[in-house]
Structure formats: structure tokens, C-alpha cells
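Trainee: Just so you know, the sequences run in chain order A and B. Just so we're on the same page, the numbering used here is the position in the first sequence counted from 1, plus 8. Just so we're on the same page, the numbering used here is the position in the second sequence counted from 1, plus 4.
Worth flagging that the hints you see were computed from the coordinates, not collected in a lab. Accuracy of the hints is not assured; some may be wrong.
What the hints assert, rightly or not - Calculated cross-link-like contacts (lysine to any residue; reagent style SDA-like; alpha-carbon spacing at most 20 Å):
| # | chain 1 | residue 1 | chain 2 | residue 2 |
| --- | --- | --- | --- | --- |
| 1 | B | Lys102 | A | Gln67 |
| 2 | B | Lys102 | A | Thr124 |
| 3 | B | Lys107 | A | Glu60 |
| 4 | B | Lys107 | A | Asn38 |
| 5 | B | Lys102 | A | Arg17 |
| 6 | B | Lys102 | A | Asn38 |
| 7 | B | Lys102 | A | Pro89 |
| 8 | B | Lys102 | A | Asn46 |
| 9 | B | Lys107 | A | Asp94 |
| 10 | B | Lys102 | A | Ile21 |
What the hints assert, rightly or not - Short derived list, chain B residues pointing at chain A, Cβ under 10 Å:
| # | residue |
| --- | --- |
| 11 | Thr31 |
| 12 | Leu47 |
| 13 | His49 |
| 14 | Lys60 |
| 15 | His61 |
| 16 | Gly63 |
| 17 | Thr88 |
| 18 | Cys93 |
| 19 | Lys107 |
C-beta atoms are modelled at their ideal positions from N, C-alpha and C, and glycine is treated no differently.
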Amino acid sequence: EAGVVQSPRYKIIEKKQPVAFWCNPISGHNTLYWYLQNLGQGPELLIRYENEEAVDDSQLPKDRFSAERLKGVDSTLKIQPAELGDSAVYLCASSLDLLGQDSYNEQFFGPGTRLTVL
Amino acid sequence: SQQGEEDPQALSIQEGENATMNCSYKTSINNLQWYRQNSGRGLVHLILIRSNEREKHSGRLRVTLDTSKKSSSLLITASRAADTASYFCANSGGSNYKLTFGKGTLLTVNP
Numbered sequence: 009e010a011g012v013v014q015s016p017r018y019k020i021i022e023k024k025q026p027v028a029f030w031c032n033p034i035s036g037h038n039t040l041y042w043y044l045q046n047l048g049q050g051p052e053l054l055i056r057y058e059n060e061e062a063v064d065d066s067q068l069p070k071d072r073f074s075a076e077r078l079k080g081v082d083s084t085l086k087i088q089p090a091e092l093g094d095s096a097v098y099l100c101a102s103s104l105d106l107l108g109q110d111s112y113n114e115q116f117f118g119p120g121t122r123l124t125v126l
Numbered sequence: 005s006q007q008g009e010e011d012p013q014a015l016s017i018q019e020g021e022n023a024t025m026n027c028s029y030k031t032s033i034n035n036l037q038w039y040r041q042n043s044g045r046g047l048v049h050l051i052l053i054r055s056n057e058r059e060k061h062s063g064r065l066r067v068t069l070d071t072s073k074k075s076s077s078l079l080i081t082a083s084r085a086a087d088t089a090s091y092f093c094a095n096s097g098g099s100n101y102k103l104t105f106g107k108g109t110l111l112t113v114n115p
């Protein structure tokens, strides 16, 4: 079974340009996450979706970042315009959250998109 | 900002030795998880320990949890060169079970 798929793997853009990342989660997983990982740091959650609904977007810089998961499957994360400080790895993860079960829902991560803003 | 902190930040050992990494967190948790990240690859889940557990084993991995000290440790026994990676702890707490990652420990296992 395929894991979480992300594209592109690498992206280099100039500042003020827009950029978009795409994620296809593991089939059947209802919860999708976007994380930001700076060099030498652990991932930080940007947004979490349960099906189509963004249930936690408190860490998403909404002035320039947007995300969507229209059909509750794949998702896109967009930055417009990009700034130098946005250079990082953007990770997508998915999990199968089952109501009524234990709180543990293992998250499966994609390989990430490494963004460089010049 | 991130809640968890790993210690040490970097660890270099010889193949066959044991590696111990520590993690501290700040608030109450439902569970604590350890992840591995190889260079250029995504995060891979290693092991989870629940807040009511004190120790857990999985293959060459041993995790302990001390909720009174808000700390956890990951022990990798008989290390291999392939264990070279960054190791992150992530704690899950609150109503939405959000994962909060630490900064990680970079483990280098020399052949």
C-alpha cells in the first residue's frame, strides 16, 4: 500500500512568489495534517483536517498561508506571497481516527517538500 | 514554540553500543511517542507509551515514562549504523490529541 505522497519534493522560488504543495494521504485515512519543520527543529503543526473540516488551524499564518481539502482526500497548502523565512520542509501526515476508540491515532508522514525561498 | 526538549542534542556512539535519549515535556499528556527521521526522509513512528504505562519494549527499543518528572527516555540497544538518524519525542495531550514535537536528538552510529 502506498504511503503518504507529497509533491513536489523540492521547490525553489524567489520571495514574493506564490507556491503550492500537494499531499495525498493514505487511502481511507480521515485525518490529515500539515506540519512545518525548520532546520534542526521538530515539526510544528500548521493545520489539521478531519475529513473536509479544518479542526485546528490556530498555528496557520492566515495572512499568507491557506489550505484546502475539498473532497476530504488530498490537500493543498499554499503560500502567497512567500517570504525568506518560509524556507523549511513542509510535511504532510495522515491518520485514521476512529470515534469511541482510544486516543491514540498513529500519524503516518510523507517525505516532505523542501522549500527554498531566495 | 515547542513543548518538548530532547537531551542530548547530538550523540555519537560505536556500533554495538547502547544509545539513550531523554525527553522532557511541560504539560499533562495522554501518550508520548518517539519518531525517527533519516536524512531526507519523512518521520517514522517507532513506539508509543501511554500516560498510565511506565515502560514499554519493541525489539531493540525500550521506552520509559515518568509522569511525575514529565520525562521519558528511549534506549536503543546493540545499535547499528542504520540507526543513524534524528530521534524526536512527541507528546499528545488535550482534547484534540495534538502532537507536540521536541527538537530532536541527532544520533550517529559509527561502524
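Trainee: With reference to the structure, classify each hint as holding or not holding.
Mentor: Each hint, compared with the structure:
1. At most 20 Å may separate the alpha-carbon atoms for a hinted pair to count; lysine 102 of chain B and glutamine 67 of chain A meet this at roughly 12 Å.
2. Distance hint between lysine 102 of chain B and threonine 124 of chain A is unfulfilled; the C-alpha atoms sit about 27 Å from each other, more than 20 Å.
3. Taking the CA atoms of lysine 107 of chain B and glutamate 60 of chain A, the gap is near 30 Å; set against the 20 Å cutoff, the hint is violated.
4. Our distance criterion of 20 Å between C-alpha atoms is broken by lysine 107 of chain B and asparagine 38 of chain A, whose separation comes to about 28 Å.
5. The hinted pair formed by lysine 102 of chain B and arginine 17 of chain A fails the criterion: a straight-line CA distance of about 25 Å is larger than 20 Å.
6. The hinted pair formed by lysine 102 of chain B and asparagine 38 of chain A meets the criterion: a straight-line CA distance of about 15 Å does not exceed 20 Å.
7. Between lysine 102 of chain B and proline 89 of chain A the alpha-carbon distance is near 28 Å, which puts this suggested pair outside the 20 Å criterion.
8. For the proposed pair lysine 102 of chain B and asparagine 46 of chain A, the alpha carbon gap of about 19 Å is at most 20 Å, so the pair holds.
9. For the proposed pair lysine 107 of chain B and aspartate 94 of chain A, the alpha carbon gap of about 18 Å is at most 20 Å, so the pair holds.
10. Simply put, lysine 102 of chain B and isoleucine 21 of chain A have alpha-carbon atoms about 31 Å apart, too far for the 20 Å limit, and the pair is violated.
11. Look at threonine 31 of chain B: its Cβ only gets to about 15 Å from chain A, farther than 10 Å, so that hint breaks.
12. At a threshold of 10 Å, the smallest CB-CB gap from leucine 47 of chain B to chain A is about 4 Å, leaving the interface hint in force.
13. With 10 Å as the threshold, the beta carbon of histidine 49 of chain B comes within range of chain A, its nearest partner Cβ sitting at about 5 Å, so the hint holds.
14. For lysine 60 of chain B, the interface hint is violated, the least distance from its beta-carbon to any beta-carbon of chain A being 12 Å, above 10 Å.
15. Annotation: histidine 61 of chain B was flagged as interfacial toward chain A, and the flag is violated, the nearest CB pair being 17 Å apart, outside 10 Å.
16. The closest approach between the C-beta of glycine 63 of chain B and any C-beta of chain A is roughly 17 Å, which is over the 10 Å cut-off, so the hint fails.
17. The criterion of a C-beta within 10 Å of any C-beta in chain A is not met by threonine 88 of chain B, whose closest approach is roughly 16 Å, and the hint is violated.
18. Taken as an interface hint, cysteine 93 of chain B checks out: its beta carbon lies about 8 Å from the nearest beta carbon of chain A, inside 10 Å.
19. For lysine 107 of chain B, the interface hint holds, the least distance from its beta-carbon to any beta-carbon of chain A being 5 Å, beneath 10 Å.
Comparing the model with each earlier hint shows violations of hints 2, 3, 4, 5, 7, 10, 11, 14, 15, 16, 17; every other hint is respected.
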